[in-house]
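As a plain string of letters, each chain reads:
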Amino acid sequence: MISRSQFRKLCDEKVLILDGATGTELIKQGMPSGVSPELWVSEHPEAITAVQQAYADAGSNIVYTPTFGGNEVKLAEFGLEARAFELNKTLAEISIKAVRSRGVLVFGDLAPTGKFVEPSGDWSFEEAVKVYKNQAEALAAADVDGFVIETMMDLQEARAALIAVRELYPDAPVMVTLTFDESQRTLTGVTPDAALITLQSLGADAFGCNCSTGPDNMAKLICSIKEYAQIPLIAKPNAGLPMLKDGKTVFNMTPGMFADYVDTLLNSGVNLLGGCCGTTPAHIAAAAGKVRSSTLPLPERFDASGIISSNRRIQKLSYDRNFVVIGERINPTGKKALQAELRSNSTALALQFALEQQAAGAEVLDVNMGLSGVDETAMMRKVVLQTLRAVDTPLCIDSTSPEAVEAALRVYPGRALLNSISYEKERIEKVLPIAARYGAMLILLPLDENKLPENCAERIAVLEKLIPEISKYGYTLNDVAVDALIMAVSAAPQAGNAALEFIDYCHNHLKVNTVCGLSNISFGLPNRMLVNRTFLAMAMAKGLNMAIANPMNADFMAAIQAVEALNGKDKNMMNYLANQSNAAAEASKAPAATADFGVQAFNAVLRGDTASAVKAVETALQDKALDARKFLNENLLAAIDEVGKKFEQKEYFLPQLLAGAEALQAAIKVLEPALQNNSQAGEVKEKFIIATVKGDIHDIGKNITALMLRNSGFEVIDLGKDVPAGVIIERAKAENCRLIGLSALMTTTMGEMPKVIELAKQSSLQAEFIVGGAVVDAEFAAHIGAVYAADAMMCVRLARELQRKK
Amino acid sequence: MEKFFTINSVDHLGLVLPEDAILSRLGRNRYLSVMDQELSVKLRLAMQKAFARLRPRGRWKLLRIVCKNTGEVVLDDLWKIKSRKFAEFVQSADYLYLSAVTIGSELPQAMEQAQSAGNMFEAAVFDAVGSECADLAIELLQKIAAAELLRNGWLLSQRRFSAGYGGVELFHQQEIFKQLDLEDMQMSLTESFIIQPEKSVTAFAVVNKYMEQ
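Chains A and B, in that order, are what the protein sequence lines are.
Residues 1 to 806 (my numbering) make up the first sequence, in order.
Residues 1 to 213 (my numbering) make up the second sequence, in order.
Rather than coming from a laboratory, the hints here were simulated on the basis of the structure.
Predicted model, so just to flag it, every value in this text is computed and none were measured.
A hint or two may mislead.
[To be verified] A short, non-exhaustive set of chain B residues, derived as facing chain A with CB atoms under 7 angstroms:
id, residue
1, Ser33
2, Gln115
3, Lys143
4, Arg151
[What the hints assert, rightly or not] Under the rule of at most 35 angstroms between Cα atoms (straight-line distance), these lysine-lysine pairs were calculated in the DSBU-like manner:
id, chain 1, residue 1, chain 2, residue 2
5, B, Lys68, A, Lys133
6, A, Lys316, B, Lys143
7, A, Lys220, A, Lys28
8, B, Lys68, A, Lys28
9, B, Lys49, A, Lys650
10, A, Lys650, A, Lys685
11, A, Lys733, A, Lys645
12, B, Lys143, A, Lys28
13, A, Lys694, B, Lys82
14, B, Lys82, A, Lys645
We treat Cβ as the ideally placed atom computed from N, Cα and C, and that holds for glycine.
Can you build the whole structure from these sequences, using the hints too?
Structure (structure tokens):
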């Protein structure tokens, strides 16, 4: 096996040529489709020898072992899992024998298992690591020169494979390629920049993409990430696009056409070039020839430190860039509701906080699970995995427990920020090596085991001891943020000045990110928000560029926008104008605070705010003289009419319609006793029978329509789903009902609708029919003698019109 | 062993919540619709609640085309499908790809419960998440199969065809169930050939063999 530095040296010397397609070349050598390629090749070593020697002759510097499906999970599809070690070792030996004497390196090929690893799927991350460790050990036993993890569509599976190899062979070169489609995402939504940042921080020696697209699209993709690449970039494109020619699959690029893209690929930043589906030794020979004759310089490497990622997004953190808010709310300290949820093993509230903070503008989310009575390690792991199913915001892992930190960083499918490393024995000896192993970016806390550093000089002294420690693990100052250590001014009057001086030192002298837990400053003071905002502006003026804070506080977020508009970081004040113009417009549109409970109830239904609607009605009912009927008509029903109008104008969509309807229902329930007290004698509601026709079991649309009809004053008789024509007509006759709504979702069941109408005629039932459902349209409705409602509100409108006609 | 002609299962399809498609299904107009932040977070929470209840899994296999003419296609096990449109669809194909996915029963059950409790907001969101995720799952399964087939030199069409459309009668779901052993995936058919649990989908596509240019 060669070393990582040897591999890097090779990449620094020239553009390396990889091999091309193996599967289709083996088919040409006689391999039948649908067999286990690993077993077939082991029985026909001459076939892969011929293919790999052809690639060596074509100019490949590295070929991959024919072990694409050699992991235990894929081999199990052929009942071969027990032979995994033997097959992988044998196949690697065949490759080595075929080409090593020609000076070609052989990299052990690890590829997808076909299972989805958590959080994308339900396969255990540790199981995945184990499977890849087993395969890597077998390949290493044959003495491969390095490893390649290829055609990955999920970043987490690629991480599992990379961790597996790194834990076994820390100095082995490992290349990783994912497969991105035309949308420049993997099938699990991973973006190329997020994958690169994550994998290079985890120790990949080269990164790139293979398969899915041709060289033109792949060049664009590589170009889009080269500014973040500290490691060499790989491209293994297909020979164009697969297409049908005379009923057979062909790829649309000849070797010459493929080679025509070499300069484009090299210009985009490619350092290792090969081919994937549809490419042949002729394609590789043509490309290698172009590479060798190219006068283009080798690709530049960039400094990509100071970037963190989730599996779908990157976030740049730099002392001279825009301010970044780290959402603080996923932390049980001082939050009773969250504490109770976590103690009952529920993460629903944590998830809600994640969504709310992302919506409010947090660019990073702090996750702290330190709580008595909760297994912090297990809960941290759980929350990290679940949060990243819901949001794409990178996470800041916040814990003092080395076990919790390791559990989180191991499964985190990105590059995390770690809060924090201080100059304390356990943090240096236990937590720092863990952070480095998983490539996390660090928050440095200027604390040691002696006294709390109260002034700036003491903090600098601790920091100066801390920096050499992190340097031992390869960290530079670009990869850290220094915590300004904010203390309460109520306890230490100079605390504010000490923090400001320290921020100034870090920003202007060290040129490093600074961060703080802002709200500590105001502890014990009245009007804390005022103090917090004022201190924020002062700290930002000194260079503070990150804060762990609550982004739900609109004034706080507005203060950041205002400071950035004033200090020139917000170019042309675009961000400030966009946000604050909107805020001003929203404020002018928002209903003024009113003591009129009717207006409050109206606005609450309009917003779909059930709690406020109920509260408004309850308060209104305290007035014993309240005319409940008038209150209902003028406020609640007027509001739902307005909701309906907004829905028909498409300003509102279905969830708003339903939220309004639910708020109305809850409000009416509170008002009901008062309504009965002053109900008018002889008041009769129009009846409306509604059903999903026989054979059809879909009823959500029918149920929504029933809800809106009830809210509009109809007495709805809901017969349910899969209802025979006879039942509908009998009930209509029994109830003396003249309005009938029918729903069907399938072409095969809509044929029941005319049967119901026909039966009504035969039974001399004088009824009007309204029909709806995904497959029904106005033409069909007219044809069967009904009217068509495209949605629930249209059904209400039609029902009212038919009611009036009667 | 011809792996592609036996059942290939994916036990958990790793979906990414298709937020835009769900919002469109719920009627959002990208240009006209406006929603305040509070309700927007409530909506997204309901989507996540639904998403957490998905157990998306699928199966696929290839079938040999025994005979095809303008109005009828005969497949393995003498399965005959009479449909002009379907016959056109498979006309130049070497094999037929057959697939099925389900999102599991947990979300449809939660949807029923939400409806019974009168929580139509949640029920409607659950319904939209289920429908869009089932569509996404059948597409993801097809892409996974396509990648595997392409490595073997076979091209799987992107286009799909489903029973109940284009003249392929819905009763063919019975044969699809048999071919893919869908009962083993806790799926069933109603008397009118509707698949249970709701939000389960089956599809055909076509496969062509490889020929080097």
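Taking the hints in turn, this is what the structure says about them:
no.	hint	in the structure
1	Ser33	5 angstroms, holds
2	Gln115	6 angstroms, holds
3	Lys143	6 angstroms, holds
4	Arg151	4 angstroms, holds
5	Lys68/B to Lys133/A	48 angstroms, violated
6	Lys316/A to Lys143/B	33 angstroms, holds
7	Lys220/A to Lys28/A	32 angstroms, holds
8	Lys68/B to Lys28/A	29 angstroms, holds
9	Lys49/B to Lys650/A	26 angstroms, holds
10	Lys650/A to Lys685/A	29 angstroms, holds
11	Lys733/A to Lys645/A	34 angstroms, holds
12	Lys143/B to Lys28/A	24 angstroms, holds
13	Lys694/A to Lys82/B	26 angstroms, holds
14	Lys82/B to Lys645/A	48 angstroms, violated
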